[in-house]
Amino acid sequence: MIRRVMSADWLKIHGKGLWFLAGLGPLGLVAMQALNFGLRYDYIKQEYAMDLWGALLENISFFVPVALYLGSTLICSLMANIEHQTSSWKQLLALPISRVTVFSSKLLLCLILLTISCVLLSAGVMILGLVLGFGTDHIPYGEIVRIGLWPYGAALPILSLQLWLSLTFSNQAISVSFGLILSIVSLFSIYLPEWVPLVWPYLAWNSLQPMFYSIFGILLGMLLLLPGALHFARKDVI
Amino acid sequence: MRTLGRVLSAEIVKMSSRYLWLLILASPAFAVLIGMSQSEEGPISWEFILSVMGAIHGMLFLPILSGLFTALLCRYEHHNGGWKQLLSLPVSRGSVYLSKFIVAAVLLAAVQLLFLVCFLGVGWWREAGGPPPWEMVLPRILGSWLATLPLAALQLAVSQAWSSFAAPLALNVTFTIPNMLVANSTTYGPYYPWVQPLIAMSPYGADGNFGALNLPLESLMIVVLGSFVLFFTAGLLSFRRKAV
Numbered sequence: 001m002i003r004r005v006m007s008a009d010w011l012k013i014h015g016k017g018l019w020f021l022a023g024l025g026p027l028g029l030v031a032m033q034a035l036n037f038g039l040r041y042d043y044i045k046q047e048y049a050m051d052l053w054g055a056l057l058e059n060i061s062f063f064v065p066v067a068l069y070l071g072s073t074l075i076c077s078l079m080a081n082i083e084h085q086t087s088s089w090k091q092l093l094a095l096p097i098s099r100v101t102v103f104s105s106k107l108l109l110c111l112i113l114l115t116i117s118c119v120l121l122s123a124g125v126m127i128l129g130l131v132l133g134f135g136t137d138h139i140p141y142g143e144i145v146r147i148g149l150w151p152y153g154a155a156l157p158i159l160s161l162q163l164w165l166s167l168t169f170s171n172q173a174i175s176v177s178f179g180l181i182l183s184i185v186s187l188f189s190i191y192l193p194e195w196v197p198l199v200w201p202y203l204a205w206n207s208l209q210p211m212f213y214s215i216f217g218i219l220l221g222m223l224l225l226l227p228g229a230l231h232f233a234r235k236d237v238i
Numbered sequence: 001m002r003t004l005g006r007v008l009s010a011e012i013v014k015m016s017s018r019y020l021w022l023l024i025l026a027s028p029a030f031a032v033l034i035g036m037s038q039s040e041e042g043p044i045s046w047e048f049i050l051s052v053m054g055a056i057h058g059m060l061f062l063p064i065l066s067g068l069f070t071a072l073l074c075r076y077e078h079h080n081g082g083w084k085q086l087l088s089l090p091v092s093r094g095s096v097y098l099s100k101f102i103v104a105a106v107l108l109a110a111v112q113l114l115f116l117v118c119f120l121g122v123g124w125w126r127e128a129g130g131p132p133p134w135e136m137v138l139p140r141i142l143g144s145w146l147a148t149l150p151l152a153a154l155q156l157a158v159s160q161a162w163s164s165f166a167a168p169l170a171l172n173v174t175f176t177i178p179n180m181l182v183a184n185s186t187t188y189g190p191y192y193p194w195v196q197p198l199i200a201m202s203p204y205g206a207d208g209n210f211g212a213l214n215l216p217l218e219s220l221m222i223v224v225l226g227s228f229v230l231f232f233t234a235g236l237l238s239f240r241r242k243a244v
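So the protein lines, in turn, are chains A and B.
Take 1 as the starting number for the first sequence in the working numbering and just add one per residue.
Take 1 as the starting number for the second sequence in the working numbering and just add one per residue.
Looking at chain A on its own, in the form it has when it is part of the complex (with noise of 0.2 Å):
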């Protein structure tokens, strides 16, 4: 069953901009830096003439929990806006299929989205260092795909409360605000307490047990989708 609805709402987000945004994440993150290295070449060659690719990695980790946290927002708000919009969850809701299989679909498919975002990301990330002459012997293919996926896990808590506030609330303002002010607050991850999952995708990268971080992350996002499944099971539609 979640197939067959997982297959309409994949016609459905076609056009809707959600495959441009996750494309367009990994590729602005990976443009930036490519400017950012571009522009001051010479001086970063000198700065980290020992290891180019870990100060790729690093000035490009700064922005993946932002990234990440805007990302999840705008895709669960565009996901969730195509019943709110032409106000047809009725309409869905009132054919046989259990409403933890339309919720289950709908999260599958934002996990899919950023999941490719992600990959991208490492992609991006490998061909920049290579474009940028930084050499073939020493590429750190673990770390490549670490700045990836741990983050990833380590968001997933927000993306679940994102996707819950999204399918809830017909007025988007209210998930999309609060979704930019937390992105915005997670830049200040350096100075908040390491128990507030709003920093875990920053510790994921930046922290002596990265992997703790991302397990918690999904674990917790995990717990958080219980009652936002719960919760849309019971709702009323209006």
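Rather than coming from a laboratory, the hints here were simulated on the basis of the structure.
Watch out, some of these pointers could steer you wrong.
What the hints assert, rightly or not - From the derived model, a few chain B residues whose C-beta atoms are all more than 10 Å from chain A:
#1 PHE61
#2 LEU72
#3 PRO90
#4 PRO131
#5 ILE141
#6 ALA161
#7 LEU181
#8 PHE228
#9 PHE232
Unchecked claim - These stretches of chain A come out as covered by chain B in the derived footprint (C-beta under 8 Å, 3 or more residues):
#10 22-33
#11 98-111
#12 178-184
All C-beta atoms in this analysis are idealised placements derived from N, C-alpha and C, irrespective of residue type, glycine included.
Chain A is already provided as a structure; the job is to place chain B on it using the hints.
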């Protein structure tokens, strides 16, 4: 003129929702947190407080708020055929568009005023030396507001065109996030419209003249005025030909 006043008052009624005040409060409140927590060597100066409080406010909040406010202004009309209803009234499209822009500008001005109050409050609480430096802060508040208007014009143009709430904001943040890099670049910074609010806000101007409007005149004329004219005209033309 009379219709403009009426359309304007209708827009104000539409915008007086509860959530809006939270948005107006968000940036100054965040700036207060930063202003209270950062410290420097020796006695605190007004310039230092303005630079730490204005950094995120000018770099991220002002551009993003300009997008949020304009998206909110068009939200009512995108739902349930509001454009049809509004434009079938005996009002010109130009006055509808202009009144929406005026409301966005007024909301941004409210944010700036609140920011000014918070700035003075933080300075007083942290015992910054001397009386409030009006001639330093007022041109910067005004200048960053002026520098935000072109962004609001662009966002209004895309918000009226795209019916989704999130899509114009995606455009907005795509251009706003690079601010964090562009702000460091002396070559490209002066020509990137999204970073102008930050440049206008910064108390440590390139030439160090604290009295004048902080934007260099050249940058103000070319970038701010030029992008404003371009974005506003493009938006207005597209709105006049918009099929509803």
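Subject >> Nearest-CB test (10 Å) between chain A and PHE228/B >> reply: With a cut-off of 10 Å, PHE228/B remains clear of chain A, as the shortest Cβ separation is near 23 Å.
Subject >> Verdict on PHE232/B as a residue remote from chain A, using beta-carbon distances over 10 Å >> reply: 23 Å, holds
Original post:
With d taken as the least Cβ-Cβ distance between LEU181/B and chain A, does d exceed 10 Å?
Top reply: 6 Å, violated
Original post:
Is it correct that the beta-carbon of ALA161/B has no partner in chain A closer than or equal to 10 Å?
Top reply: At roughly 13 Å from the nearest Cβ of chain A, ALA161/B sits farther out than 10 Å, so the non-interface label holds.
Original post:
Per the stated criterion, does the least C-beta distance between PHE61/B and chain A lie above 10 Å, as a non-interface residue requires?
Top reply: 7 Å, violated
Original post:
Residue count check for the stretch 98-111 of chain A against chain B: does it reach three with CB-CB under 8 Å?
Top reply: violated (count 0)
Original post:
Taking a Cβ-Cβ distance under 8 Å as contact, does the stretch 178-184 of chain A have three or more residues in contact with chain B?
Top reply: Holds, because 4 residues of the stretch 178-184 of chain A bring their Cβ atoms closer than 8 Å to Cβ atoms of chain B.
**OP:** Compute the least Cβ-Cβ separation between PRO90/B and chain A, then decide whether it is above 10 Å.
**Re:** Since the minimum Cβ distance to chain A is about 29 Å, PRO90/B lies beyond 10 Å and the statement holds.
Subject >> Non-interface claim for LEU72/B versus chain A (Cβ beyond 10 Å) >> reply: 6 Å, violated
Original post:
Taking 10 Å as the cut and beta carbons as the points, is ILE141/B off the interface with chain A?
Top reply: Label holds. Min Cβ-Cβ 20 Å, cutoff 10 Å.
Original post:
How about the stretch 22-33 of chain A: do at least three of its residues have a C-beta closer than 8 Å to a C-beta of chain B?
Top reply: Satisfied; 3 residues make the cut.
Original post:
Per the stated criterion, does the least C-beta distance between PRO131/B and chain A lie above 10 Å, as a non-interface residue requires?
Top reply: 31 Å, holds
Taken one by one, the earlier hints fail for this structure at numbers 1, 2, 7, 11, listed in ascending order.
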